[in-house]
Amino acid sequence: MFPNGQIIVNIFISSSHILLIAFSFSLIYYPTKFFHIAHAVIITSAAYFTFLFANQLSLPFAVSIIAAIAIAVCIGLLCEILFYRAMRKRNAPALAYLIASIGLYTVLQNCISLFFGDDTKIIRTGEVTVGNEIFGAYITDIQIITIIVSALLFVAVNLFLQFTSVGKSIRAVSSNPQLCDIYGINSNRIILIAFGIGSALAAVAGILSARDTNMTPTFGFNLLLYGVVAMIIGGVGSTRGLVAGALLVATAQHLAAYYIDTKWMDAVTYIILILFLIWKPLGFSGVRLRKVEI
Amino acid sequence: MEYILHLLIFIVFYTLLAQSLNLSAGLTGLVSLAHAGFYGIGAYTTAILSQQFQLPFWINLPVAMLVCLIISLVVSLIALRTVDDYFIICTLGIQVIIFSLMNNWMDLTRGPLGISGIPSISLFGIALDGKIFFLLLSALFMLAVWYALNNLFNSAFGKTLLAISEDEIYAESIGKNVYQSKVISYAISAAIAAVPGALYAHYISYIDPTSFTVAESIFILSIVIIGGMGNLTGSFLAAAFMILLPEMLRFVGMPNNIAANMRQIIYGAILVLVMMSGKNGISEYFRKIKES
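Chains as they are written, first to last, in my numbering: chain P, 1 to 294; chain L, 295 to 586.
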């Protein structure tokens, strides 16, 4: 076994986590144009509800996952219906949404802490299996599932955005909400659909990630921030950029872990973000965005 | 009694933090999530200077402020190339990097072990470690900062900063240097955050990175928002409220571990409500009631 093969496998696993989260976040970011930080709780709550149903109530694993995803999607939809929609009616500035969503995140994350406790939890399903060996690198079943599920969902939702009328409406609202209202596309309904799909993807990512390693009530926040970094450095509004961003973040993290120390992974991620904001504020794709050019 | 003094000292610390953040976030509109980082840099600079070089508080404080000023100048030159929510994400990144340095740079900060045995403040060779003395000293700093910030808010430069937060392009069109004013405002705000940092280190005598996390930054920001953007008295009242809130919860019989979560739930909920209503802080609600 040589370590470099293992690093490449690990990079693929991490980047599929990050890609799925970046994609789910951007689905909400494009039509609404604000950072929905409370998205982190969707990731966390899906994992915790899976834990509750599968481990504490001993329901079948498939049922638990579906129920947990449904609950997480409901939380995402309620955020939009109860809070963001009212703010949109008032024409609140983008900053107000961001701060409100930080507040929402704080409330919901602490609710999870209250109910489940702050200690590290693991979702268990049956016996522990030995990893499969590929080219001298070890990869567990759940990690293979992660890569396949992320890739499938990414392609499927992208096809949905390209070819269905609802998907096209989401892209239309993303590029010009006022014009959509003129053409009779109900932007509120489209944004709600985007919240639904985005939350479902985040829930899947949360469950996969928690099943692969373990979870604490704040693990969603870190994952989400990796996704946000990947989205920004990939260039907002570009599908290929998103993939490149996720790969770059994962590669940087694992190389930092290998050559320096795992504890510097977070710092390296943000240093890359800041370097991009200085020298390449439009990301890989170079799609113009008003906010990053003063 | 000792405990009440302890709470009062913390109210003073958070007033200092909130009022300094109010300069950049409230007046200039630069909402920053790195404030706990600068608070931490102030505390760590003081801790290292007093522990390794046995320097007194009167030297540590200006050095801590200078370190914060220099780091925040570098940081703001980078971060201020972005605006609005990208600026917040950028400052969040800076906060994580600062925390990561405190937590992992073992040689300098001793990482998660923290730095212990920081001596208390002494004056003319006499150690002054009573809580009453400490409260008076901190309150003195608070009043000085309050007075200085109040003057700054009402000065011509303060008006420029207000103009920038309301209409950046207009401010630029009447010949104000927007970028430079923003950098100065951010740097002053960070330098003042070093004051409670230095006081905290000498007061607690042991510091570790968990006091300077992202959650702490969000906490300081919510004090500013609850008190009202650009409202210094509001920051003081909100700081008092936020520090006393868990005590009130404990008073009505809530267990300690639940009270900590409940406090965060309550301040998160207040943040959401204030942002949804579009009002500037809680005080505006009361003003509306008085007027009607």
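These aren't lab readings, by the way, just hints derived from the structure by calculation. Just so we're clear, the structure is a prediction, and the values are computed from it rather than from any experiment. Among the clues, some could well be false.
[To be verified] Covered stretches of chain P, as calculated for chain L (at least 3 residues, CB under 8 Å):
| no. | region |
| --- | --- |
| 1 | 66-72 |
| 2 | 99-107 |
| 3 | 143-155 |
| 4 | 245-255 |
| 5 | 272-279 |
Note that the Cβ used here is the ideal one computed from N, Cα and C, for glycine as well.
Here's how the hints hold up against the structure:
1. 66-72: violated (count 0)
2. 99-107: Satisfied; 8 residues make the cut.
3. 143-155: violated (count 0)
4. 245-255: violated (count 0)
5. 272-279: holds (count 4)
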